[in-house]
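First to last, the protein sequences are chains A and B.
When we follow the numbering used here, the leftmost residue of the first sequence carries the number 1, and every step to the right adds one.
When we follow the numbering used here, the leftmost residue of the second sequence carries the number 1, and every step to the right adds one.
Simulated from the structure, these hints should not be mistaken for laboratory data.
There could be a bad hint or two in this list.
Partial list, computed: chain A residues near chain B (C-beta under 7 Å) [claimed, not checked]:
no. : residue
1   : Thr116
2   : Ala250
3   : Gly252
4   : Thr286
A short list of chain B residues far from chain A (calculated; beta carbon distances all over 12 Å) [unchecked claim]:
no. : residue
5   : Ala68
6   : Ser97
7   : Ser98
8   : Gly99
9   : Ala169
10  : Ile199
11  : Arg211
12  : Ala219
13  : Gln220
14  : His267
15  : Pro305
16  : Thr350
Computed from a predicted model, the values in this text were never measured in an experiment.
From the three backbone atoms N, C-alpha and C, an ideal C-beta is built for every residue, glycine too.
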Amino acid sequence: MSLSGWLPILAGVLAAATPLLIAALGELIAEKSGVLNLGVEGMMLVGALTAFAVASGGAGYAAGALAGALAGVGLAALFAWLTLNCLASQVACGLAITMLGSGLSAYAGRDYVSRTLDGMALIPLGGGFGFDPLIVTGLLLTVLVWYFLQRSRAGLVLRAVGESPATAHALGLPVRCIRWAAVLFGGACAGLAGAYLAIDYTPMWVEGLSAGRGWIALALVVFAGWRPGRTLLGAWLYGGVGILQFHAQALGIAVPAQFLGMLPYLATIVVLTLIARDPLTQRRHTPASLGQPWHPHA
Amino acid sequence: MFSPRRRQLLQFAAATPLAAAFASVPRPARAAFPKPELPLKVGYVYVSPIGDAGWTYQHDLGRKAVEASFGDKVMIKVIESVSEGADAERVIREFASSGYGLVFATSFGYMNPLLRVAKQFPKGIFEHATGYRQAPNVGIYAARYYEARYLTGILAGRMSKSGVAGYVAAFPIPEVVMGINAFMLGMKSVNPQAQVKVIWVNAWFDPGKEREAAATLVAQGADVLTQHTDSTAVVQTAEDKGAYAIGYHSDMSKYGPKAHLSAATHHWEGYYRRVVQQVLDGSWAPDNVWGGIKDGMVGLAPLHPAVPAEVGALVATKKQDIIDGRLLPFQGPLFDQAGRQVIGAGAKLTDDELLKMNYYVEGVVGQMPK
């Protein structure tokens with residue numbers, strides 16, 4: 001196939017991977033601090049609706065994306081208060097946040113279902129090429145998260161909190177504040193991922209717009225073994241499988257579409273099994289206190 | 001969430017001897033339902049939010065028509081987003097036990113819950129869309145969507161420059177396959193070289209995937225797109241990519257002001273008015289209706305101004321031919337994708353054969369998932 005044949009495929013893969021990537025990076029940071037937030041899908045939906053409402057109200061795409069991220073932060077704050085201050089179960093609260101987010105966005109979004117919005121304009125590079133600002137944001141975010149976790153002192157502190165909150169506390173680190181910040185960052189990313197779907201990718205608002213992408217993002221974090229670089233590769237893989245199977249179908253190539261659709265999940269199971277077989281890797285990358293409530297006075 | 005199951009009827013129908021249900025169920029003996037007290041309480045159960053276009057939206061237009069025609073003789077209540085499991089039975093029973101004399105259940109998956117409730121409330125009248133099981137107080141109804149698909153295929157065939165149309169489809173069940181084939185045959189009738197490329201997204205509702213599939217089809221040379229999924233994403237993608245689009249369920253022109261050539265639309269207004277009138281007259285009896293364009297249950301949205309008058313006239317003629325029974329979309333000789341003859345010249349597919357359709361006709365590109 002010529003270059004012009006591959007370009008739309010590459011662009012499609014990048015676009016399909018972006019919401020998964022952004023949401024997964026946010027969840028990765030939250031999980032590295034030891035908090036498992038299963039509410040990604042709900043935060044994405046609320047972010048998507050808020051972004052669409054703001055952008056279709058004429059405030060512009062940047063404002064829409066920002067509003068979407070803030071809406072995700074709002075829902076994440078509720079989650080953080082419940083799990084970090086009230087010590088409620090992270091799993092139960094995460095599921096509740098997903099249900100709340102889906103219901104809330106469906107209810108509040110009824111009037112936006114019929115509205116239309118033009119997709120975001122590309123930033124031109126010349127020569128007929130251009131790039132999508134949110135796709136580039138996702139790529140930059142990957143680098144930033146990698147640098148933060150692997151090369152900065154603050155990242156080291158975050159990882160320490162995720163490994164052993166009691167030890168971190170004994171060292172005088174503000175464990176709860178750090179976890180709050182990590183959860184809020186996760187919410188902002190989920191909201192931004194939702195915003196990307198609503199104002200850029202589809203661009204539309206309907207109930208259940210994210211169609212399970214929040215759950216794929218959660219799987220992606222595990223698939224990537226809590227590493228940003230692998231998260232990026234995983235997002236490309238997840239996005240790429242979808243796009244390639246569409247192209248194969250339209251070309252008339254006999255691929256069982258269901259099989260290709262299943263591949264990412266199969267890969268996740270395989271990776272989980274491999275991690276489980278190698279205790280060293282598991283210890284090196286899985287936050288040891290993931291999902292466990294911790295309180296300084298408990 | 002939008003639920004897929006309503007359409008799986010045909011899959012089940014195909015797998016059971018009940019497939020013949022649509023075509024030839026012996027009509028149960030007339031159970032007399034006396035004239036109801038006024039106002040007649042009518043309940044509607046919807047599987048998804050009403051929204052602004054789509055399957056449920058069209059049923060709700062029918063509901064509004066009943067309200068407009070019968071005024072205070074009826075009292076209508078709607079419950080939307082009722083999932084097809086235990087919720088459905090609860091909602092239908094709630095209607096039946098609080099004096100609703102007529103209940104319309106508008107999704108395939110309501111079939112078994114509805115039959116259970118109907119058995120317990122033999123005086124209530126129940127109407128079930130797209131199911132295949134009747135009872136003395138349960139009537140069923142569906143529409144021949146494929147007739148409108150054939151006409152939109154003609155439109156696509158005349159408007160396409162590349163001769164390639166793209167079709168975004170949800171699941172390979174006979175109802176969807178019937179639509180693809182009818183569209184292909186319509187397109188082929190005006191352009192023998194025409195091709196329809198199909199992409200299965202394996203979801204009834206996933207705007208992201210529908211958009212990706214639509215963009216893929218455009219990248220591979222399709223310049224007219226249509227879909228058998230639940231969102232408006234394909235029409236919007238066509239608008240963005242400068243391709244033509246043909247909507248489904250509802251007129252989707254506002255989602256693609258430049259792209260939307262027409263749409264294959266569903267219409268329940270006439271049917272709902274007729275049933276309500278029969279119930280009010282005390283003349284209702286369970287029936288099994290599979291209505292087409294002739295019955296006003298399927299139609300075409302207004303054509304885009306860019307469609308040349310001569311093409312519009314052709315579509316109108318063919319539409320009249322279908323109404324008059326001169327033209328059957330699935331008329332012999334019919335060849336499958338591999339070129340094997342399915343039926344010879346002069347023969348036609350029976351309703352039973354239509355409801356079991358699991359092959360592509362000649363001209364469709366792609367492999368049907370098994």
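Tested hints:
1. A distance limit of 7 Å between C-beta atoms decides the matter here; for threonine 116 of chain A the minimum to chain B is near 6 Å, and the interface restraint holds.
2. Using the Cβ-Cβ criterion of 7 Å, the hint placing alanine 250 of chain A at the interface with chain B is satisfied: the shortest such distance is roughly 5 Å.
3. Restraint check, glycine 252 of chain A versus chain B: the minimum CB separation of about 5 Å is within 7 Å; hint holds.
4. Hint status for threonine 286 of chain A relative to chain B: violated, with the closest Cβ pair at about 30 Å, above 7 Å.
5. Every Cβ of chain A is farther than 12 Å from the Cβ of alanine 68 of chain B; the closest lies at roughly 21 Å, confirming the non-interface assignment.
6. The beta carbon of serine 97 of chain B is kept farther than 12 Å from every beta carbon of chain A, the shortest such distance being approximately 27 Å.
7. With a closest Cβ-Cβ approach of about 25 Å to chain A, serine 98 of chain B is found to remain outside the 12 Å limit, as its non-interface label requires.
8. Chain A leaves glycine 99 of chain B outside its interface by the beta-carbon criterion, the shortest separation being 29 Å against a cut-off of 12 Å.
9. With a cut of 12 Å on Cβ distances, alanine 169 of chain B falls inside the contact zone with chain A, its closest approach being about 10 Å.
10. Not every C-beta of chain A lies more than 12 Å from that of isoleucine 199 of chain B, the closest at about 5 Å, which undercuts listing it as non-interface.
11. Remark: the non-interface label on arginine 211 of chain B conflicts with the geometry, its nearest Cβ contact in chain A lying 6 Å away (cut-off 12 Å).
12. A Cβ of chain A approaches the Cβ of alanine 219 of chain B within 12 Å, the least distance being about 4 Å, so the stated non-interface status is violated.
13. A cut-off of 12 Å between C-beta atoms contradicts the statement that glutamine 220 of chain B is not in contact with chain A; the least separation is 5 Å.
14. Non-interface status of histidine 267 of chain B relative to chain A is upheld: no Cβ of that chain comes within 12 Å, the nearest being about 20 Å off.
15. Residue placement check: proline 305 of chain B keeps its beta carbon more than 12 Å from all beta carbons of chain A (closest about 19 Å).
16. Once the 12 Å rule is applied to beta carbons, threonine 350 of chain B is consistent with being away from chain A; the minimum gap is 30 Å.
When each numbered hint is compared with the structure, violations occur for hints 4, 9, 10, 11, 12 and 13.
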